[in-house]
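Asks: Protein chains in written order, with the working numbering: chain A, 1 to 192; chain B, 193 to 1038.
Simulated from the structure, these hints should not be mistaken for laboratory data. Being a predicted model, the structure only gives us computed values, none of them experimental. A portion of the hints provided could be inaccurate.
Calculated cross-link-like contacts (lysine to any residue; reagent style SDA-like; alpha-carbon spacing at most 20 Å) [to be verified]: (1) B:416 <-> B:434; (2) A:180 <-> A:169; (3) A:178 <-> B:319; (4) B:355 <-> A:149; (5) A:180 <-> B:1000; (6) B:355 <-> B:417; (7) B:612 <-> B:626; (8) A:178 <-> B:1005; (9) A:178 <-> B:1002; (10) A:178 <-> B:1000; (11) B:355 <-> A:158; (12) B:355 <-> B:342; (13) A:180 <-> B:320; (14) A:180 <-> B:312; (15) A:180 <-> B:973; (16) A:178 <-> B:320; (17) B:355 <-> B:265; (18) B:927 <-> A:73; (19) B:416 <-> B:344; (20) A:180 <-> B:1005; (21) A:180 <-> B:1002; (22) B:927 <-> A:77; (23) B:355 <-> A:121; (24) B:927 <-> A:75.
Pair ranges (Cβ atoms, derived) [stated by the list, open to error]: (25) A:80 <-> B:618: 47 to 53 Å; (26) A:121 <-> B:398: 43 to 49 Å; (27) A:181 <-> B:794: 32 to 38 Å; (28) B:932 <-> A:144: 27 to 33 Å.
We put the CB at the ideal spot given by N, CA and C, even for glycine.
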Amino acid sequence: MTRPILLQTCRACRLYGPAALTLAFLAHHSVPRAYADGPHIAFHGTDGAYTVTLFSAPDPLVTGPADLRLLVQLSSDGSLVSDPGLAADGELVLGDRPAVVFRMSPAAARQLPQATVRLTDAGTYALRLHLRKSDRPAAGFEGTLPVESNHGVRNTVFAAVLIPAMLIVLFLLNQSAKQKLRRRRIAASPAG
Amino acid sequence: MPDASQAAYGFSYGFASIPIWASLALLVTLLVYVRGWRLLQQTRPTQIPTWRALCFAGGILSIWVAIASPLDALSGALLTAHMIQHLFLMAVAPPLLVLGAPTVPLLRGLPRFFVREGLGPFFTLRPVHTLQRLLGSRLFAWLLMNTVFIAWHVPAAYDLALKYPGWHEVEHACFLLTSVLFWWHIVAPWPSVYTASRWLLLPFLLSADLVNTALSATLSFSGKVIYPAYAAIPRFFGLSVLADQVAAGSLMWVIGSVSFLGAAMLITGQLLSRKGEREQERMAAAHTRLQAMRRAERATPGEAPTPSTAGFAPGRAQRPEKTTGALPADQRGGLDLLRLAGIGPFLRSRYGRQSLQALSLLVATAVIVDGLFGHQMGSMNLAGIVPWTYARGIFVLAILLCGNLFCMSCPFMLPREAAKFVLRRLGIAQKPWPRPLRNKWLPTALVSLFFWAYEALDLWDSPARTAMLLLAYFVTAFAVDGVFRDASFCKYVCPLGQFNFAASLVSPVEVAPRALSTCASCATRDCIAGHQEPTTATAATEPTKQREQRGCELHLFLPQKQGNMDCTLCMDCVKACPHDNVGLFVQPPAYELVQLSTADPQRSAVGRYSHRMDLAVLAATVVMGAFASAAVMVAPVAQVMDRFGRALPATAASTLGLLLSALLPALLLALLWFAVRLMRSTAVHPHVRNELPRWMLALLPIGLGMWAAHLSFHLVTAWDSLVPGVLQSLHDLGKTVGAVRALPQPDWMAERPLFPASSLLGLQLAILDAGLLGTLYLGWRMGAGPGKTPGTGRRAGRPGLYSGQGSGILARSRAVAPWALVAVLLYTAGVWILLQPMQMRGMVGM
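Looking at chain B on its own, in the form it has when it is part of the complex:
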């Protein structure tokens, strides 16, 4: 390895040097190929044999070696290393990728919907046909590869790539893509066919070798340093700059020539054998067929094209019909998690949820104890680490990726169960929740209060206050559910629950009936009413006991339940249903909101979203909370707030903060109201009051994207703070215990971010991007015409906003532009916030 000066100049290699996004992209490509290859094996088992699949995997591995191995770290210091890197990208990876015949496996490996609806329309575009014809030209491929090859070796271009990592990546992409095109013409992988004599491949290869030889010889024999950038940095392995250049030129010469001449010899051998003759005949027949197809295409202009020349268009679909049989019309399709081994039995078991709750109760207890009696510095106390670093991030990401896990494992549930049990034993009847409060206004106000309290009380920084808040939460849950019936606390009080309910509208899982016909024939409605079930008697003489299996405490009647609003994933309905007709289904993210663009049905215990202004305000609070909670942590905003704080008396500043937490959602709603009013000018009938909640809910993805981007930062940068936190807590609380004193001291300096800086920011921005795109897609759908009622083919739901206004793409874009502008404004604010320096606000409660 290089000498000690290497570390000082940054030529080091470690886990952090691996480009995460590129590695992830390569891995996904390989997985898609393998999936497609396996599907293809079922219908055409001999078309792409295993060795070809291995070649493709080898090609992917070669790319990864070139861009993610120590080669890349050394390429800035050694021309030889840089040249090896290029050879991997030009002479090793491309032929291997092409030998893997990737067209059909990659297309079949992608989701069918994406290929048909996403990629399919592009293949009908005229510019794509033109590009296809151009890329199908052998001369063009030769010229392109060699031009790129020579151009990037011009000293000015080469230095540019060395100086700027971005240009370096462009250089690599150019080498890889043009070489893949070049080798495509040599190998002509299935379903491509040769359209000219294969003898012509020989001058094609030999002339490319001539270019390679000329450039290599220039590097090897010039006798002067061609790339001065290498002269300005320390030398490694005792290689002088000139010796390094000669070694690089020789490598390029030998490996380049071996690949070109080796391929030429192989092709010549094939052509001279009998197999080659047969190949020639097959090629002539294919050429004739192709000519006939082209003639037919010219005769019927406007028809979709057929696969042609060099195989850049996908082959005709050979997918067989599925043999699984269609589902009954009312039966819900998709993956049912309750049918999976492991997850299903666990969630359905009597103690499944309770074990999760017990675990979270244990953690909450540890947080309270450490918060009250441990180290009073947030980042070194469990009350600072567990709720604000781990729990927030994990549960928000969990909602977006797999469902409302917080409510499922809520630590506050066991005490309220205890309250209900005690009161029942005492014979005290519980009251129904007051009718005027059966909405989201109170919990929305509590969500705002919670956001305000986080800032005003410096909760992230004050373990004792965090512990007190948790205690208060337990007491409130105990009191509310002790006095009132059912899950009143969850539905009408809990601010965390409301946040989760709003966020779970974009969640990819939903509790739903497996078949509506079963629900229609059900007379008992146990899913909502519950039932008494006998427990197993331990002895024959013992009387059979009855155990209550309650139904949904949030009054969500399954046949009319649509979406995740108010659903805590408690699984009571699953356990209560006597017909085993309740499933936990995987669905596309934000499916419920996508459906909202075409219909807004009456939902059980929720009603129509368009009539729920309280839900719109809740969504606005969640969305603005995301941006506000991140903004107050960055220096420019924190400094302004500090100035205000100093200028005003403490009470006034605190009141102003409370007002702001209520005003920000109001400001967003006012902006939206204005936007919807503007859009109304092109709409058929909408009433702003009814439209506003829908358009507000459509902003949830960008808000949740901001939450996830912000909280994932804390998770990634402090992902390993739990172990030192636990050790610190043990040392603080158990000073007198000998076993604790024997434990190692917490090593806070060992904390390192999971990703390097650029990848971490990339992750945050990618999450925010996904939120923006999700929001814009929902807006696009809402701006469309009405959908069709499933199964009837009839138009249903509200008329499209823009019916009768022309359905052109630009007309629709213009129509939803006011609302989209609000979304883009939020996105811009999010990007700005993520780029700002963090203000390290008073970290010790002095």
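Same shape as in the complex, but just chain A:
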């Protein structure tokens, strides 16, 4: 005899449900770290002798930790500036909130000057960047940095991991119902 469909479904849910929920939970709670997959040119500008390009990650920027890297070039010929005496710092301001101040660490081999900042609120931040040479201002830049909320991202992850589990359970239920119908037809046929 066919097992009752509900029982089969319950068993399927019992088999796959906890695993799916655990996976969804873990995925959901791993999101507060910055996520994603690539740097983005957040700012590009020239002031006097210097042209700077600021890269940001994650892309798009969401609330939480953000990685900023700065490429400094000479405006005249575009050559890379790797002067250890050149320092970069800046601040990010959102409305009347306290400014997020950052100082970029010097460039290491094959790396660009880098800073990690924690952005707690979503909105469009005002960006101010300063280059200093031997502690004297060398150049200044202003721009904006849009930041999105991380809430939507967490919910998306939770939903995206749970949906396949639900579809698998529905599929098993569908197969089970089909099997039951098939057996019922065979039993009802003259040969059966």
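Given chain A, work out where chain B should sit, using these hints.
Replies: Just chain B now, kept in the frame of chain A:
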């Protein structure tokens, strides 16, 4: 609009604020309805008049206005805006949707197979019947709507919805669904019938209005702030919190009462008219019929149910038989793209493919020139942008959505054509490709080498190296196809081609004969041998020239060709066939792999997949390449690799990377081998060596899902980098040209992702989900019993793995569980990778 502080607090509205998934779902629902409505118009033109269809469209539009317009952006700041949003979801959209009588149009609008095989079995389930009876109860519908209405207005619940977007969406779903149920009982759209007197609708509506009035009055006259969350944020439009609350309460009162009382008045008018009397009589007759049906159902338990009470079950099918007539038994059905206007003539024309190749050759040339002489920063050079941001993503997505377009428009083909032409003129005979190399081992090794080179040489970051690689590719294509016959480079060397061949196993198009009987009667076999055809003479005196139309250079003989392996969509067979018997057919994705679950026929120039371990290794390389190439870009993995890189000498680290690129596919195959061994304990006869390739190919969807998820990220985030890239390239290369200097400077800051962050991650995860589900479905099919040979009704192919082991759902699940575990492990790794921060590895080649 709100004041300047609005932007600072994030209450802004723009394209990025539109919820893409919800908007897409609404659009698809509307399209399905319209399709079903149009089909219904052919058989029952008066059943659902146009005004009803417009009502449904209005209902969908109302939902969209509620969840995607500035109303939603303002709802967190203004109670009035939030209340208008709720009224759209409770009082405007539901009656409009129900007036559209959506049951039959939605069911007919869906693919017939999906309704019959996907939804149909659910309607036979007992819990579904119970739910149907429950939802068919008018009292239950009233209680449900009003309970939900009151519960979500309790301050704690309301604040929860304001605080968490997820709960806000749940709140909206509750309002919409319970209101649709409520209004369903009022309107009873076709094919539902009223089972009780319509006079009873009046207390149904009036009592609902009483609840609405009580809640509205509480909001309007309480004199204190009920929802404190609104007191903690800046005020807009000069409205105080209390004034905002009074305005919201009044709106709810007026609009709610208008909808309930208006409906009550309309129904009363109808009941008092002669039309109402006739309606009552019709209702009584319908009720009698329904009772008779129920009695019959009780008398024959176990039979499939008939449509009943409130119309939640679909009406009986009224679909007429198709009048197009059945196809001959050997004729292939489905959409033939070569028969479509525009696409067909273009692909069949002599210069169709060549024009695509010329275009891609032009782009490749620009990439090489800019790569060698332009800005040496990957993300600001065409050699960084075009191949690694655009081409990879577009061509992988193209394979999954419409076919192997890369090979069709391959830029390396024109030089090799030139090589063949020159050698032919010089009278140099070409050699056949060495027999020991006529397999996928060499190209699979080259695919691994390519993946390794991408990382080891920082190709994404080094325009010059990318340009050199492209040049090397051109030289190799020229050399291999200059020395060897036919398309040896494509079939036995090109790593990009092998990747595409493996990926095209899940592609939804296939070149195939239109009718096998025509092939059977064909004596010339031009599709593989080619022919000489006369060209049009320009003058009467000019002798007629012969032009060669070659057949398939990859030796795929059409009557025995099955699937897309080794097919470059070159269309040579289409042009060579003298019977016009070759088509480009649309088929379900991964159809070839689904078929593999029941039979593994001898394929022309490919053989049986179960005997091709080299194909299994190629598939493993493609699958593991997807995860490895994404993993090395995320911070945790990149940091580990950096540590190793610092600890080891450069040569050793590089060798270790090369070894890893070969070991990872081997690791996957070893895992699979172990899984198949475990499954063998329940199987009838399989030999692991023969089973392994099939189960490996079944993992392709998850691997390609990962490729697509990863590459679509680059496409979406840098979708507008081409214009600044081209401008940068022009400025770099044409500094001395006056016209170039006049061009605007590239605006790199204008780059914005196409989607907001949550939608982008949602897209990536949805693609990975689709890959996992596709893979699990293939595994499920492979674990099933044998299929039937089409047309014969006889069992064919290999015996099912689990024949004789009981065909219960759980037995089958357990049997394929070891293999499914491998798929789930890959999926888990993919989710983890997509959630990690990106490591911005040295972006400038210093």
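Asks: Hints first: check each against the structure and report whether it holds.
Replies: Tested hints:
no.: 1; hint: B:416 <-> B:434; in the structure: holds, 7 Å
no.: 2; hint: A:180 <-> A:169; in the structure: holds, 16 Å
no.: 3; hint: A:178 <-> B:319; in the structure: holds, 15 Å
no.: 4; hint: B:355 <-> A:149; in the structure: holds, 13 Å
no.: 5; hint: A:180 <-> B:1000; in the structure: holds, 10 Å
no.: 6; hint: B:355 <-> B:417; in the structure: holds, 17 Å
no.: 7; hint: B:612 <-> B:626; in the structure: holds, 18 Å
no.: 8; hint: A:178 <-> B:1005; in the structure: holds, 16 Å
no.: 9; hint: A:178 <-> B:1002; in the structure: holds, 14 Å
no.: 10; hint: A:178 <-> B:1000; in the structure: holds, 11 Å
no.: 11; hint: B:355 <-> A:158; in the structure: holds, 17 Å
no.: 12; hint: B:355 <-> B:342; in the structure: holds, 19 Å
no.: 13; hint: A:180 <-> B:320; in the structure: holds, 15 Å
no.: 14; hint: A:180 <-> B:312; in the structure: holds, 13 Å
no.: 15; hint: A:180 <-> B:973; in the structure: holds, 18 Å
no.: 16; hint: A:178 <-> B:320; in the structure: holds, 15 Å
no.: 17; hint: B:355 <-> B:265; in the structure: holds, 14 Å
no.: 18; hint: B:927 <-> A:73; in the structure: holds, 18 Å
no.: 19; hint: B:416 <-> B:344; in the structure: holds, 19 Å
no.: 20; hint: A:180 <-> B:1005; in the structure: holds, 17 Å
no.: 21; hint: A:180 <-> B:1002; in the structure: holds, 14 Å
no.: 22; hint: B:927 <-> A:77; in the structure: holds, 11 Å
no.: 23; hint: B:355 <-> A:121; in the structure: holds, 14 Å
no.: 24; hint: B:927 <-> A:75; in the structure: holds, 14 Å
no.: 25; hint: A:80 <-> B:618: 47 to 53 Å; in the structure: holds, 49 Å
no.: 26; hint: A:121 <-> B:398: 43 to 49 Å; in the structure: holds, 48 Å
no.: 27; hint: A:181 <-> B:794: 32 to 38 Å; in the structure: holds, 36 Å
no.: 28; hint: B:932 <-> A:144: 27 to 33 Å; in the structure: holds, 30 Å
Checked against the numbered hints listed earlier, the structure breaks none of them; every hint is satisfied.
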